[in-house]
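A.B. asks: Chain residues, written in single-letter form:
There are 2 protein chains.
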Amino acid sequence: MKTLLQHRSIRKYKNKPIAGELINKILEAGTRASTTGNMQVYSIINTTDANVKKELAPAHFNQKMISEAPNVLTFCADFNRFNKWCLQRKAEPGYDNFLSFITAAIDALLVAQNVAIAAEAEGLGICYLGTTTYNAKEIIEILKLPKGVVPITTLTVGWPDENPGLTDRLPLEAVVHNETYQDYTEQSINDMYREKEILKENLQFIKENQKETLAQVFTDVRYKKADNEYFSEKFLNVLKEQGFM
Amino acid sequence: MKTLLQHRSIRKYKNKPIAGELINKILEAGTRASTTGNMQVYSIINTTDANVKKELAPAHFNQKMISEAPNVLTFCADFNRFNKWCLQRKAEPGYDNFLSFITAAIDALLVAQNVAIAAEAEGLGICYLGTTTYNAKEIIEILKLPKGVVPITTLTVGWPDENPGLTDRLPLEAVVHNETYQDYTEQSINDMYREKEILKENLQFIKENQKETLAQVFTDVRYKKADNEYFSEKFLNVLKEQGFM
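Protein sequence lines, in the order shown, are assigned to chains A and B.
Quick note on numbering: the first sequence equals residues 3 to 247 in our numbering.
Quick note on numbering: the second sequence equals residues 3 to 247 in our numbering.
No incorrect hints appear here.
Identical copies carry no separate label here, and so any pair may be met within one copy or between two of them.
No more than 27 Å apart at the CA atoms, straight line, and that leaves these computed lysine-lysine pairs for DSSO-like:
#1 Lys198 <-> Lys149
#2 Lys92 <-> Lys209
#3 Lys66 <-> Lys226
#4 Lys202 <-> Lys92
#5 Lys92 <-> Lys227
#6 Lys226 <-> Lys92
#7 Lys149 <-> Lys227
Quick caveat, the hints were computed from the structure, so don't treat them as lab data.
Excised from the complex, chain A in its bound form (with noise of 0.2 Å):
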């Protein structure tokens, strides 16, 4: 309970490997996570080497933490796996729809957190990238994924070298709702963003953007109506490429 309260993203790692042992514990551990009907239907690539990370880094719009974190995984749904066995058993898989793909990225996740919550168990650091699902195509070249297979998030864990504070979050009354969904008012609206948009580091988020309200900075800077579309686009194909639509 108490590691998942201090979780923070960690950006910034010690240039100091994670011993392969605790790596295994920690993979070990994600995989006691829940998975549909017991099928294991993901993967994970636990990359290391420099190189392959370099060529992972443009993917990730090179975001510092793949090259400086010790440990790059890579989540992914993947129905390859057990394809191979249900052939070899004389079995047809039904796999090659949009379903199987959800129930695999579902797995897939369940996974990642698990892996999360172990590795800041063990007083590493973890970042998720959200970059994974914009370039799954080029990531699928370079760790070679096979079709049945597709990359869902990342992890990068290592060592933290730094100790940001805990990250502001809305009030819980804001994402729970009592037995049926009880939609928002322009009030209530109001009300569970007022202290998120007086934060300090958000105020100053507006201002280095010259942006007149914080949720501009996220509509017209970070999370753009174009970029969506052009990798939803780019994301629909990998899943038809990859024999999921």
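Mind docking chain B on chain A? Use the hints.
C.D. replies: Positioned in the frame of chain A, the structure of chain B alone reads:
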């Protein structure tokens, strides 16, 4: 770490509620999970009312955990709240696309796994319901989810009334690849699935289903091609209707 390693799905619960304070503590721990750009594009519906649970039951194929667990938590990808905030702050949201759905689904799943672990750390038992994506359409109606919101997974939570053993898992080397993906050979598939295939409960499972191999139980009984295709179509329609395609 101990909590992670001891995870088992709990499907039988005591007839005893979970205190509101405890649920809030667990959900609070959930919200500490990483979230893309700190947008928190998810919602959790906490259902305890017997009538709402009764309505939800058929959408989850009447699995008894829905009525017997004191709390049913539905985790949703949610851009509705964020979009409303943007519109109230002179910002034009561009999140009506597939990538944004995936981003929000990832957010929802990392929170779900944090909640699962927090609940287990408090002595509660949990079970994931994969039926959520199968019958998202019905769940949207029952839980009154507006446009921009899609249910991704469900956790039933309660005080355990059973004590099952750990579920088997493939050996770690079956799901972890070093540096890049090492594709499987006929031999490696045989080696990796051997232990699973000779487990007493799995041999029993084959017999009960009158199949020749364990793989056939999956392809012919549990996760059939025709079902997967039907539910793929249905889920893709949900994404369209909720404004993500």
